[in-house]
Structures are given as structure tokens and as C-alpha cells.
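S.K.: Residue-level listing of the chains:
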Amino acid sequence: MASTEVADLPEDVLFEVFSRVGKMKSLFRCAVTCKRWLSVFTDPEFLRRLWPEEDRGRLLLGFFLDGVQRQGSTLAFVPAPSSPIGYGDCILTPFVPDDHDLFHSVTPLASHRGILLLRFVTRSLTIAVMLLHLPLRITCIDVARILAELTSWWNSALSNKMIMAKTVEALAFHPLHIGHSSWRGILLDAHLQLSHPRSCSSIVGRDGNEESRDLHIHLYSRATSSSWSVATADCILPSDRARELGATAAVVHRGVANWLYDDEGRYGQRESVYMLSVKAAGTTRVSLTKLPIRDDSNNGSMFLCTGRDGRLSIACVHELRVDVWTTHDDDDGESNDDDPLRWQQQWHKVHEIQIPAGANFSSFRHCAWKCLNSGTLLFLVKHGGCKNHVFVLNLETAAVEKVLDLSESPHTSKYYSYMPTPYKMDLPEFFLGQLGNHHQKRLLIT
Amino acid sequence: MAAPESGDGNNGAARMVTLISSDNTRFEVEAAAASLSQTLQLTILDGGGGGGDGIPLPNVDSATLSKVLEYCIKHAPAAANGGAPNATAVDRAELERFDNEFVNIDQSVLYSLIMAAHNLEIEGLQSLVAKKVADMIKGKSPMEIRRTLGFPDPTPEEQAEMNAHMLEYGWAYE
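Just so you know, the protein sequences line up as chains A and B, in that order. Going by the UniProt record's numbering, the first residue of the first sequence is number 1, and it counts up by one from there. Going by the UniProt record's numbering, the first residue of the second sequence is number 1, and it counts up by one from there.
Chain A with its partners taken away, still in its complex shape (with noise of 0.2 Å):
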């Protein structure tokens, strides 16, 4: 039998072999094998079989740790358990070339869909963040090229230097204050493509005083490769006791960007929580929203979340226990899909998660929470340095899992207790992304 034809299997059997591999490392060194696989393994479709979309939104690679180290680089990568790269540490060598001793830290903010935030700050003490498109093992990186880039975009896009160190923090996650007024943002859609590896396409931010009740909404929209075009919108909060809850950035649903505030009574407490929903494509809309949503204990931490079935819910965290609301969304009757609105009518309570049984902690609140998306939730456990865990909880199956055990890693200190980046990756576009170029580059092809 000529032994060769195995490689020419008919694509329908390739994907039943590879279906079967399992191990994302074992797929990445097997689509190099010849020529035939090469093909398979670059076309999208082939790849979006291999990772339906609903396990795509899942898969957590691991956490990004910074200040792990204070020789070479101060990044380290560690792969969750359950990461399709395999489990085990490894420590990123320095991939930011810093000859001309630029930089005093580099800090990893935040990750979406592959690219990663990273603040520097360079000896000056000035703050650049870039966003980087992130292959599993970092190369060197052009700097120059990227910062070029960067201060190019911010002269296109703003005008002055103020809006322009406020437009660094919103794309990295973080309230800046300056004076009295603040600015949150986020990626609302930052999609990868191979010849803008590092685009994003809108980024929306809120800028508002803390003693008013005036907020703006400013939506930066990507109009070609190289300029964005600017709109502003308007929105008046209930009273000026409105207090944005839980995380600053904000959850993306549908093309909407949604925030939640509160709104506390005279004495302090609790007494609405709202809904603050911008809708950046098309035609800007902005509308803030009650929500039939009661805190019986009065102060837990909220955090809104997009669960995987594309429903929004609320996670409020109290001292013993994670209540989860959710909306009913029947997915039928896409026109009204342009109404933010539409997501804010009806919730109703799902959950009332317990701490537990077991656990080493026994304080939802002393923990630090962060959205992760995909209907979870992850907490830090803090037991001090090495020994602080991280969780992920579940707001559909109300199911908690370790997925960080810090004291396993040989390389962080004691003094580190710091929320560590979750890094999400799609793999088709990963795949496409390093093995296309090598398709591209006519490598390995004979």
C-alpha cells in the first residue's frame, strides 16, 4: 500500500482522526507534518469545526503574573489545568527588547480575545500600554514599530494631551483621575485579522466628574486602517449619589456596552441598581435603565457577565454566599436586537451560591473578583503571597473551581497578591495566525 496516501486522507477523515488528538500542542506540531495537513490546518473552516464555537469562549490558557521576578522578566505565564497547551509553569523570557533601558515595568491589564494589554512604564515615567497580539511563545517585539504606531493613532484620533493620557488608561481597563473627572473604557470589539494582527475596531469610554451627575459616553470607531473617528453622547444619572458598581470595564452583549451603577439612599444605603447600556454601532445610543434587582444585604459587590447561552447576569457577592440573577432572553425577533433596552426588562434570581463545603476560604467578599466572561466569574483567594488560589465560578451551574494554585509555582514570591490576567485564546485564529504566515511564506512547502 503506498504509505504516502496517508497524508491525503479525504478532509471528512483528517477531521476524524485530529478531532481525536485532543491536546492543542499535539495538533500545533502535527499541522507541520506535511503539506496536506498544513492546508487543513490554515483553512477557517476546517479549524472552526475542530473548535465549535461554544468551546471556543471557554478556553482559558492560563494567567499572566507580573512582578513575579525581579531579574530578566518580570512577566511569567501560567497554563490553567485545563489548558489545551498542557499544564506545568513556564516563565516568559524577557520578549521586549530593552536595550536603551526604556522601561521600568512592564504590567500585563488586560486580555481579549488574544491580545493582550500591557502598561509600560519607561524611566520617565511616562505610560504607554500597548496591545499586543499574543502567539502562545512571545518573540521580540518591535517596539519602535508598535509605539510609532501607537502615537500615531493617538494624534489621529485626539487632540490633546490631556484626552490623551485619559484614551491610554481606557484601553487599559483602569480609572485614571484626573482632577475630578474619571475614564473607564474597554475593547468593545477587538477583532484579529492577519494583515492588522493588532486592530481593534471600537473602544468606548465614560468620562464624568464624581460631583455631578452629567456623564459623557465617548465612542472612538475605527473608520480606516490608520484614523477613528470620534462621537460623543450625553446621559444624566439619577442623582449624584450614583456609584458605578463592580468592575470598571465595561460587558459587551450584542454590541452593547453595558455598566452597572447604584444609587444610594440618605443614609447610605442600597437603593437601586441600574443599568447603563450604550449601543456603538450604527447609530449611537445610550440609555440608563432601573433594574427590578434587590440587594438584601445592602452592600455586596455586583458584577454583570455574559453567559455563554448569550444571556447577561448579575453576580452579587455577598459575605457568605453569590446570589446570580439573569435575564430570560428568547433569541427570537433579531429587530429587536438594536434595543438595549430589551436585555433590562425582566430578570429573576437563579442561583444562591454557597461557599463550599471544604473550601480554604470562608469569605466570598475578602476575595478579589473579576469577570471572565462566559457566564464565570474568577476570584483570588488571598492567604498571603504563594499560597493565594484562584477560582472560577460558574453563575450557570453555580460550580466552583480551582484553577491557580500559586503556591505550585516556583516562581512567584511570597509577596505577590495580585489578581493575575486571565488570557482567553481562540484557536482557529491562532492557528491561522502563525501557521498561515508560514503558509504564506511558502515554508515547509515543497
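Taking CB as the label site, the calculated pair distances span:
1) A:Y418 to B:M166: 29 to 37 Å
2) B:Q107 to A:G358: 44 to 52 Å
3) A:T397 to B:K74: 37 to 45 Å
4) A:R241 to B:G139: 53 to 61 Å
Simulated crosslink set (PhoX-like; lysine-lysine; CA at most 25 Å straight-line):
5) A:K402 to A:K370
6) A:K424 to A:K23
7) A:K35 to A:K23
8) A:K402 to A:K382
9) B:K74 to B:K131
10) A:K370 to A:K382
11) A:K35 to B:K138
12) B:K131 to A:K23
13) A:K424 to B:K138
14) A:K35 to B:K131
15) A:K382 to A:K424
16) A:K290 to A:K370
17) B:K140 to A:K23
18) B:K67 to B:K131
19) A:K370 to A:K424
20) A:K402 to A:K424
21) A:K35 to B:K140
22) A:K402 to A:K23
23) A:K290 to A:K349
24) B:K138 to A:K23
25) A:K349 to A:K370
Part of the chain A face toward chain B, derived, beta carbon under 8 Å:
26) E16
27) V21
28) K25
What the hints contain is simulated information worked out from the structure, not anything from laboratory work. All values reported here derive from a predicted model rather than from experimental measurement. Glycine residues also receive a C-beta, built at the ideal position from the N, C-alpha and C atoms.
Guided by the hints, dock chain B onto chain A, whose structure is given.
M.R.: This is chain B only, laid out in the frame that chain A set:
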């Protein structure tokens, strides 16, 4: 549907069909076994394959077909029970032992088998062989995969490119 029942009825004569391989060898098997193939099942339900007619299979040689039929004959009783919900643990263990033994064969035979299973739409056999091939791929470097699956030797250029990939993506080879 009718075919497995008549085979199971065991009224002395289970319905038989004849299959003809690409090299013109005739195989006579119970319709119930042949019906594990979705492709053949339709023909058999239409009454084909009986008597002197035979069903020609131009894509399957006799060596492969005899191997395929060995699988079908072994699995037919369980399949007739609708995926064997009431099979005993012993039966299941026996089938598993058979399956493991069955795919413990040369890679070139595996290739012919998976192609035959694909063409004849024998789902169980296709997954069995696919799993075997997947196990042979797991954890190996591209070069080892080529050797295991019997690809021809790579050209020096191909070899150099595989090495380059290994250098660039060291994490995938750890």
C-alpha cells in the same frame, strides 16, 4: 431495520448478502452484519445483494473487505440490540478486547480500513481507527509522526523547515 430483525430471528436461515471486492472476490455475509454500513443498508433494504447478484464495491480490495467484515460480524449482534443497552459487562469487555486487538495492525492496513469505513459509512469502525491513528500522532514531533505513519523521508528542505518550526515554537515541543 428489517434486515437485522430477520438476522436476529434465527429461523434457521438468516438473510445473506454477497459483496464483491474490487479484485472480484465474493464475500457472503449476513445482511445484519453488512447493514452496519449505512451505504449498504439502503441497498439491502431495497432487496439488493441477494442471490447471484452481489453488491460490487469497486473502492475496497479483498484484504480490506475481509477485515471490515470481521469487524461487522463481531459488532452486528450488539448493533442489532440498538447499541447494546442491555449487553452484559462481559460482552462489552469482550468487544473492547476485540477492538484493541483489531486495530493492532500495520499503518498501511489502518489507512485502507479508515478509507473503507469512510466510504461504506461504518461509524463505529471509522471512530475506532481514527482513535487509533490519533493515538499514534499524540505527543510526537512532525518527524516522528511521518515515521510512525510511514510517510516518505522528507526532503532536506522539508527537514530544515520542520527544524525551524521546532525552534520558533519551542513551547509546543516541550
